[in-house]
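J.: Assemble chain B onto chain A, guided by the hints.
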Amino acid sequence: MQVASMHFKSRAREKLVNRNLQNALNKLQGNFVRGRAQRVAEMDNFEAIRDAASAIRDRVLDRLDVYLEEFERNATARGAEVHWAETHEDVNRIVCELARRHGVRKAVKSKSMVTEECALNDALEAAGIEVLETDLGEYILQLAKEPPSHIVAPVVHKTRDEVSDLFEEKHGTPRKTDIAELTREARERLRGHFISADMGISGANFAIAETGSTLIVTNEGNGRMVTTLPRVHVAITGIEKILPTLEDVATLMRLLPSHGTGQSISNYISVTTGVKGEREHDGPEHFHVILFDGGRTSLVGTELQPMLRCIRCGACMNHCPVYQSVGGHAYGWVYPGPMGSVLTPAYVGLEKALDLPNAATMCNQCGVVCPVKIPLPDLMRKLREQQFARKLKPWTERAAFGAWCWTAQRPAIYAAAAAIGARLLALMGGRDRLIHSIPLAGGWTASRDMPAPQGVTFRELYRRQR
Amino acid sequence: MNARENILARIRARQAKSALTDAGEREAVRAHIAAHPQNPRPAATWDPVVRFREEALKLASTVDEVEALDAAPAAISRYLDAQRLSREAVCWEAFATLDWRAAGIVIAVRAAHESDLVGVTGTFCAIAETGTLMMLSGPQTPSAVSLLPETHIAIIDASRIVRGMEEAWELVRSERRVLPRAVNFISGPSRTADIEQTVTLGAHGPYRVHIVIVKNGL
Numbered sequence: 000m001q002v003a004s005m006h007f008k009s010r011a012r013e014k015l016v017n018r019n020l021q022n023a024l025n026k027l028q029g030n031f032v033r034g035r036a037q038r039v040a041e042m043d044n045f046e047a048i049r050d051a052a053s054a055i056r057d058r059v060l061d062r063l064d065v066y067l068e069e070f071e072r073n074a075t076a077r078g079a080e081v082h083w084a085e086t087h088e089d090v091n092r093i094v095c096e097l098a099r100r101h102g103v104r105k106a107v108k109s110k111s112m113v114t115e116e117c118a119l120n121d122a123l124e125a126a127g128i129e130v131l132e133t134d135l136g137e138y139i140l141q142l143a144k145e146p147p148s149h150i151v152a153p154v155v156h157k158t159r160d161e162v163s164d165l166f167e168e169k170h171g172t173p174r175k176t177d178i179a180e181l182t183r184e185a186r187e188r189l190r191g192h193f194i195s196a197d198m199g200i201s202g203a204n205f206a207i208a209e210t211g212s213t214l215i216v217t218n219e220g221n222g223r224m225v226t227t228l229p230r231v232h233v234a235i236t237g238i239e240k241i242l243p244t245l246e247d248v249a250t251l252m253r254l255l256p257s258h259g260t261g262q263s264i265s266n267y268i269s270v271t272t273g274v275k276g277e278r279e280h281d282g283p284e285h286f287h288v289i290l291f292d293g294g295r296t297s298l299v300g301t302e303l304q305p306m307l308r309c310i311r312c313g314a315c316m317n318h319c320p321v322y323q324s325v326g327g328h329a330y331g332w333v334y335p336g337p338m339g340s341v342l343t344p345a346y347v348g349l350e351k352a353l354d355l356p357n358a359a360t361m362c363n364q365c366g367v368v369c370p371v372k373i374p375l376p377d378l379m380r381k382l383r384e385q386q387f388a389r390k391l392k393p394w395t396e397r398a399a400f401g402a403w404c405w406t407a408q409r410p411a412i413y414a415a416a417a418a419i420g421a422r423l424l425a426l427m428g429g430r431d432r433l434i435h436s437i438p439l440a441g442g443w444t445a446s447r448d449m450p451a452p453q454g455v456t457f458r459e460l461y462r463r464q465r
Numbered sequence: 000m001n002a003r004e005n006i007l008a009r010i011r012a013r014q015a016k017s018a019l020t021d022a023g024e025r026e027a028v029r030a031h032i033a034a035h036p037q038n039p040r041p042a043a044t045w046d047p048v049v050r051f052r053e054e055a056l057k058l059a060s061t062v063d064e065v066e067a068l069d070a071a072p073a074a075i076s077r078y079l080d081a082q083r084l085s086r087e088a089v090c091w092e093a094f095a096t097l098d099w100r101a102a103g104i105v106i107a108v109r110a111a112h113e114s115d116l117v118g119v120t121g122t123f124c125a126i127a128e129t130g131t132l133m134m135l136s137g138p139q140t141p142s143a144v145s146l147l148p149e150t151h152i153a154i155i156d157a158s159r160i161v162r163g164m165e166e167a168w169e170l171v172r173s174e175r176r177v178l179p180r181a182v183n184f185i186s187g188p189s190r191t192a193d194i195e196q197t198v199t200l201g202a203h204g205p206y207r208v209h210i211v212i213v214k215n216g217l
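Residue numbers (numbering that gives the first Met the number 0), protein chains in the order written: chain A, 0 to 465; chain B, 0 to 217.
Here chain A stands alone, though its shape is the one from the complex (with noise of 0.2 Å):
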């Protein structure tokens, strides 16, 4: 996908006055938060399960190599064919050589971030193959050309009202505006795709060592229509989501769907291991395995490792007060909100994101509420960090903090400092004590006031009062 994240400031100005983006945002952060809330309440032993599943995750991590040698030994001993790409086109050209090997014509795709980030679908038409998103969401995007704002709720930024003008347009049938009528024409006109395509492209949620299986998590069923009807089926996933066990399977499924959407557990969980026996009815004939490094090894090793731990639930952006207020869009590639801040400088190159890691108010809300406790705050601190010591920020700003630097490591001379700041900062206040526009900070005064200091500072009220 095409990176956009350098015009983060453009696009959250514009989204923030966008009126039908701010209602839904607020209808998310209510379903979506509320709904976790409760589920952890039911939970007895929440914080145990929640520590258990970091340590899963870290366990996986630590022997990244070893665990995904162990997979593939599993998955190709039942008949999966497993491929390794390290780069996005790497993966569509591993997809595409699939698809002529098995002579496809057609491809029908459940959600995969994964696949968002490679472009997969660019890749395939280019190639020839028609390809449909099958998520009732991300049907919605493909019909209108956009990408998705949530990694849970792709379309959540989307009016009912669009969706109605838009299945009027491309369906070329009578205008719907109920919503259960919208749905079953999607229903309808993919039900037919379902069984006529050659190849079914899914993500994993994650990949199993013990078995050599992958697993989705869908609630639509579109998941198992894509690994049960095509005669081919490709799960395309990060080298970072291999789980060691099916004991640690059920402890990741009372946190992934309970973060994501509020939900007990999704409607259906999906585990498939290899190829269709014998005697069996349905399912694929070859089973396909990608694993996609994508940038995730350089993330290895280095202070940045604990965002490999991420299973892509979507709480710490449901819960962020910058996604509430901007959406997804504007963060501008494939991950929004707090682990977007990550991993987009992460995959992208932090220079393309510049603002991302800067996008936050630091109130940890993300780190509280994430099911396998990566602290995004301090990952995101360590970005800027990076951004300084490349010296990727603006020399005024740089310059700024460098004087700041060296004034706090001078304990008089910052004393001395603040003792006039605020004295002219009190000055500044007038008789209303409030200062209305402070040079070199218009943009904090633009839309509100500064209450002026008292005029001394902390130092030397303590001094007199002792």
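Source of the hints: derived by calculation from the structure; they are not laboratory data. Only a predicted model underlies this, so the values are computations on that prediction, with no experimental measurement involved. Mixed in with the good hints, there may be bad ones.
[Stated by the list, open to error] Below 30 Å or equal to it, Euclidean Cα-Cα: the simulated DSS-like pairs (lysine-lysine) are:
(1) A/K26 <-> B/K16
(2) A/K275 <-> A/K8
(3) B/K16 <-> A/K381
(4) A/K175 <-> A/K26
(5) A/K144 <-> A/K8
(6) A/K175 <-> A/K144
(7) B/K16 <-> A/K372
T.: Same frame as chain A, but now just chain B:
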């Protein structure tokens, strides 16, 4: 070097490990997998059958109960009547010998087609904690029967309602040794909330999931 070797080598280099995996590392990983230790889980202070029923209802499944398997066709007939549904159904082999004709239901024993309206299946087991059905694929248990029809009816054995997913996996390990091609956990009818976060049943899978619990076993 190919992609596989590059990726594995990068991981090892970044974690400051020797270029080659030693046998000890591999053994440690295999031993952990073989031991598959239990993780912490919520307390179960409930009766499995009661809990299963409650949770299944919360997920918008409907639940009925019969004493013995031969009462299932009549119970299913009552359900189809009440819902004004088709009396033609496709069904797993396991239930081929039940007296469907007496209940006024026309049964076809085969995998489901696109046009089938009602699918009748069993389950491998069911999970009390979340009101979930666990289905294993196989020649006698085609997946499509619980997927393509608009109504999915599952006949389940009360004695195979287990506490949680952990017990379900253990049951597969002890009875099947390896996982079948597909394990599908089904928790209520298919749903979506993609448009304006409004929950709508019957996205791609069944609109209705009706569960018939057989108290005295199958």
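J.: Evaluate each hint against the coordinates.
T.: Against the structure, the hints:
Of the pairs offered as hints, the one joining A/K26 and B/K16 is violated, with about 48 Å between alpha carbons and a cut-off of 30 Å exceeded. For the hint linking A/K275 to A/K8, the alpha-carbon distance of about 50 Å lies beyond 30 Å, and the restraint is violated. Taken as a hint, the B/K16 and A/K381 pair is honoured in the structure, with Cα atoms around 24 Å apart against an allowance of 30 Å. This hinted pair checks out: A/K175 and A/K26 have alpha carbons roughly 23 Å apart, not beyond 30 Å.
With a CA separation close to 23 Å, the supplied pair A/K144 and A/K8 stays within the 30 Å bound. Note on A/K175 and A/K144: the hinted pairing holds, with a Cα-Cα distance of about 21 Å set against a maximum of 30 Å. For the suggested pair B/K16 and A/K372, the alpha carbons sit about 26 Å apart, so the restraint of at most 30 Å is met.
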